[in-house]
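Colleague: Listed below, chain by chain, are the residues.
2 protein chains.
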Amino acid sequence: MARVLTPRTEDYPRWYQDVIAKAQLAENGPVRGTMVIRPTGYALWERMQAELDSRIKAAGAENAYFPLFIPEAYLTREAEHVEGFSPELAVVTHAGGKQLAEPVVVRPTSETVIGESMAKWVSSYRDLPLLLNQWANVVRWELRPRVFLRTSEFLWQEGHTAHATEADARAYARKILHETYEDFMVNVLAIPVVVGRKTAAERFAGGTNTLTLEAMTGDGKALQMGTSHELGQNFARAFDISYSSAAGTVEHAWTTSWGVSTRMLGGLIMCHGDDQGLRVPPRLAPIQAYVMVVKDGDGVREAATKLRDALRDAGVRVALDDRVETPFGRRAVDAELKGYPVRVEVGPRDLADGNAVVVRRRDGGKTPTPVADVVGAVRAALDADQQALYDEATAFRESRTTEVATLAEAIEAAAEGWVRVPWSAVGEAGEAKANQSAVSVRCLLRADGSVPDAEDEPDLYAILARSY
Amino acid sequence: MARVLTPRTEDYPRWYQDVIAKAQLAENGPVRGTMVIRPTGYALWERMQAELDSRIKAAGAENAYFPLFIPEAYLTREAEHVEGFSPELAVVTHAGGKQLAEPVVVRPTSETVIGESMAKWVSSYRDLPLLLNQWANVVRWELRPRVFLRTSEFLWQEGHTAHATEADARAYARKILHETYEDFMVNVLAIPVVVGRKTAAERFAGGTNTLTLEAMTGDGKALQMGTSHELGQNFARAFDISYSSAAGTVEHAWTTSWGVSTRMLGGLIMCHGDDQGLRVPPRLAPIQAYVMVVKDGDGVREAATKLRDALRDAGVRVALDDRVETPFGRRAVDAELKGYPVRVEVGPRDLADGNAVVVRRRDGGKTPTPVADVVGAVRAALDADQQALYDEATAFRESRTTEVATLAEAIEAAAEGWVRVPWSAVGEAGEAKANQSAVSVRCLLRADGSVPDAEDEPDLYAILARSY
Chain A
121 MARVLTPRTE DYPRWYQDVI AKAQLAENGP VRGTMVIRPT GYALWERMQA ELDSRIKAAG
181 AENAYFPLFI PEAYLTREAE HVEGFSPELA VVTHAGGKQL AEPVVVRPTS ETVIGESMAK
241 WVSSYRDLPL LLNQWANVVR WELRPRVFLR TSEFLWQEGH TAHATEADAR AYARKILHET
301 YEDFMVNVLA IPVVVGRKTA AERFAGGTNT LTLEAMTGDG KALQMGTSHE LGQNFARAFD
361 ISYSSAAGTV EHAWTTSWGV STRMLGGLIM CHGDDQGLRV PPRLAPIQAY VMVVKDGDGV
421 REAATKLRDA LRDAGVRVAL DDRVETPFGR RAVDAELKGY PVRVEVGPRD LADGNAVVVR
481 RRDGGKTPTP VADVVGAVRA ALDADQQALY DEATAFRESR TTEVATLAEA IEAAAEGWVR
541 VPWSAVGEAG EAKANQSAVS VRCLLRADGS VPDAEDEPDL YAILARSY
Chain B
121 MARVLTPRTE DYPRWYQDVI AKAQLAENGP VRGTMVIRPT GYALWERMQA ELDSRIKAAG
181 AENAYFPLFI PEAYLTREAE HVEGFSPELA VVTHAGGKQL AEPVVVRPTS ETVIGESMAK
241 WVSSYRDLPL LLNQWANVVR WELRPRVFLR TSEFLWQEGH TAHATEADAR AYARKILHET
301 YEDFMVNVLA IPVVVGRKTA AERFAGGTNT LTLEAMTGDG KALQMGTSHE LGQNFARAFD
361 ISYSSAAGTV EHAWTTSWGV STRMLGGLIM CHGDDQGLRV PPRLAPIQAY VMVVKDGDGV
421 REAATKLRDA LRDAGVRVAL DDRVETPFGR RAVDAELKGY PVRVEVGPRD LADGNAVVVR
481 RRDGGKTPTP VADVVGAVRA ALDADQQALY DEATAFRESR TTEVATLAEA IEAAAEGWVR
541 VPWSAVGEAG EAKANQSAVS VRCLLRADGS VPDAEDEPDL YAILARSY
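Here the protein sequences come in this chain order: A and B. Here the numbering used here is used: the first residue of the first sequence is 121, the next is one more, and so on. Here the numbering used here is used: the first residue of the second sequence is 121, the next is one more, and so on.
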């Protein structure tokens, strides 16, 4: 079989680009840094959205929509914030056929508009907590774009909440971190994210605490998959989000924000992809079982159609490929590229023996299976491979994580993978030094793996790595 | 009870604004012409999306995402098209901290980018039909914005398809018109849309046929709720979407496009709203039954919670309001404003008799109902009121539609409502004359109400009206 993709060991970035192109996930858009998300890629994003959205709603947040355009003045409201964004802003200067009196900015986040709205909508403690979420496109101009990982426009969800107390805000930021994001990433994406606390240097500007979920990519780097921020009262002060308490005093609210984006598609590719293409975890997969007519023959189409129907009735997301005018080999390669978890191949030879062939994308295993047993075999394979992908990714992460005692060792070992090192051996100065070698502190963890409440807790570990 | 809304008969536009503000559906955004869609309004949009999206997928179209930014040059590709849009375009001239070499336009539609992509993705007849859809925000600068009806940024779906033959394209544009849009509007929105063909003057620029769905608003005007266009080969020629046929010749494809937007939220308000606020048809309603604790008392909260659970178990979308610290009257007015189809009021007095009160939003009817019968009563009310809202809107439309024989009568009668007049009595010249009186031809219909294949079919009727 001709080589379809550049092998990962030969050129990992090239492999990544190849998968995106050959699996028809996305393409570059006509304006530099933008992307066209093709149906195969967008179906993955829709599944991510559906799984996340139900968890976000279960956490009590309500969806809303805020405008694409923001008055330039809004972004000077919170000075620290603007400094972070201004080189990334896209500015509309002309509209309605003439120059605008005041230019407007294309939202890099809706934080400021949402802050303004919150200030209007909150007056009493009874209005709190106010739990908002938005699914939208945002723009941050990228000079070195890479599809899904860094694009000038991307799709995301941004949650913004306001609470009466610091404890409530803290608890909510954690709830989203664990019950929404970690649960989704572990149980749907099958990605063993490490969940920890960012250092002060890596923290979101204007926040008091950034919590992060970090995935290991197939080349041993780290990819930040999502963040949940506590913003203290900083943001509420900047936008005057205040409320009258039950005692009658006027107080500033405590706010949080949290987001994940189409960047997760990059994480999905890099965590589970192999040299044949994408491997989509069954619980995420828009198509879990791909029933293929190998070629026409006695009762083949009929048997394939019945299997498609039986799988659908059993609750499996299934598609039928009966395009026999396209060579089977080409279709099979395409199915591997797209990473459908299970293929059910129905051809005249096997069918004469009463069999279809169940092919598992995870390990390529092919099992001739009596037609009557196919539904059960497919369901068992989907369950097993959801777990197996997670276990494989966990084993890989562990095999590429080194435990060291000093900063010098950490920087050296980070060339090969992740490093676990006592935070006391790094510190702020060590962090700056690591950065000079393109190594960053991904997060801080307690010895038992739980998330610290503060950077200066004793006996914390830091995860250092190169990152995307 | 104090007056909450301006009555419709007193000032219809003011009533419309009042409903949007008081029911907390939306607000103006900080940049003129933009809107903030609040959770109550956005939940309606999400339900519209879900119902439409499943119908769009059933019609075989796949979702994808195309970039927000379009090179200015793309919009000069199809001259007729640009002429229609240029005063409406928002232009980004600065990004990445400097002036762009080539300004980019914020998409007024993704038509041109999708055309470019289609040209790349289609090469053989085997690639056809190509059926794409996108959910996205678009920008068309508005000098006289009105929330939901005309905003500088709005949310929509735009479908774009390419076919091998004119017959296929024509059939698909009709399929979307009837099976996706009409089915949704009639059966979910409970709006008796009139479905017809636009005249040449009202047709989408560059298209060969525009099919439309028109709703009557509470003030007897017309609101275009959606359109489905046949574009012939015009668009395929402009973007070079061509394919090699089975016979080996190279042919241009035949394309369609079709869209509906957040404008439908305006239609929903104006078709079903009354002087107490919104009335949401049960099949659309994010909250179908609103269980209210009237005030605390023996077993009241427990009974309300049990009813909430029983309704949820019966498949009803339900919410519990136990905020007894807010006066009941205020909460009831708010529930009316938001148009929940059914309220279930649970208070100590009725409960002592074993009853809860089932209140129907459509006609305000209140029925004390034994607690054990509430689920059945709610389900019956939801079914009945879905139909009753449709029937009411149909009766209203008929009562405000006049049949006349001449153009002069038509223009006069259009001051009060819709007019049905033989198209032969209007014609192109008559249409221009009607336009001078702010009356437009909404669509052409056959005598039996079906959609004509051509403007010059004999015995067509025209619907004339003032419009939004």
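It is possible that some hints are incorrect.
Treat identical chains as interchangeable: a pair holds within one or across any two.
[Claimed, not checked] Pairs of lysine-lysine residues, derived as DSS-like cross-links and limited to a Cα-Cα distance of at most 25 angstroms, are as follows:
| # | residue 1 | residue 2 |
| --- | --- | --- |
| 1 | K142 | K486 |
| 2 | K218 | K415 |
| 3 | K142 | K177 |
| 4 | K177 | K426 |
| 5 | K142 | K240 |
| 6 | K142 | K426 |
| 7 | K341 | K486 |
| 8 | K218 | K486 |
| 9 | K218 | K177 |
| 10 | K415 | K142 |
Source of the hints: derived by calculation from the structure; they are not laboratory data.
Colleague: Hints first: check each against the structure and report whether it holds.
Modeller: Results of checking the hints against the structure:
Taking the shortest alpha-carbon separations for K142 and K486, only the intra-copy value of 23 angstroms comes in at or below 25 angstroms, while the best inter-copy value is 62 angstroms. In this homomeric assembly, K218 and K415 never come within 25 angstroms of each other (Cα to Cα): the closest approach is 61 angstroms inside a single copy and 58 angstroms across copies. Within a single copy, K142 and K177 get their C-alpha atoms only as close as 35 angstroms, which misses the 25 angstroms cut-off; across copies the closest is 24 angstroms, which meets it. When the C-alpha separation of K177 and K426 is checked against a cutoff of 25 angstroms, the pair qualifies only between copies, where the shortest distance is 22 angstroms, while the shortest distance within a copy is 37 angstroms.
In this homomeric assembly, K142 and K240 come within 25 angstroms of each other (Cα to Cα) only across copies, at 14 angstroms, whereas the closest approach inside a single copy is 49 angstroms. For a Cα distance limit of 25 angstroms, the shortest separation of K142 from K426 qualifies neither inside one copy, at 30 angstroms, nor across copies, at 54 angstroms. Taking the shortest alpha-carbon separations for K341 and K486, neither the intra-copy value of 32 angstroms nor the inter-copy value of 64 angstroms comes in at or below 25 angstroms. In the homo-oligomer, the alpha carbons of K218 and K486 never lie at most 25 angstroms apart, since the shortest distance is 64 angstroms inside one protomer and 56 angstroms across protomers.
Taking the shortest Cα distances, K218 and K177 never come within 25 angstroms of each other, neither inside one copy (42 angstroms) nor across copies (40 angstroms). With identical chains, the CA atoms of K415 and K142 are at most 25 angstroms apart within one copy only, with a shortest distance of 24 angstroms there and 62 angstroms across copies.
Comparing the model with each numbered hint stated earlier shows that hints 2, 6, 7, 8 and 9 do not hold.
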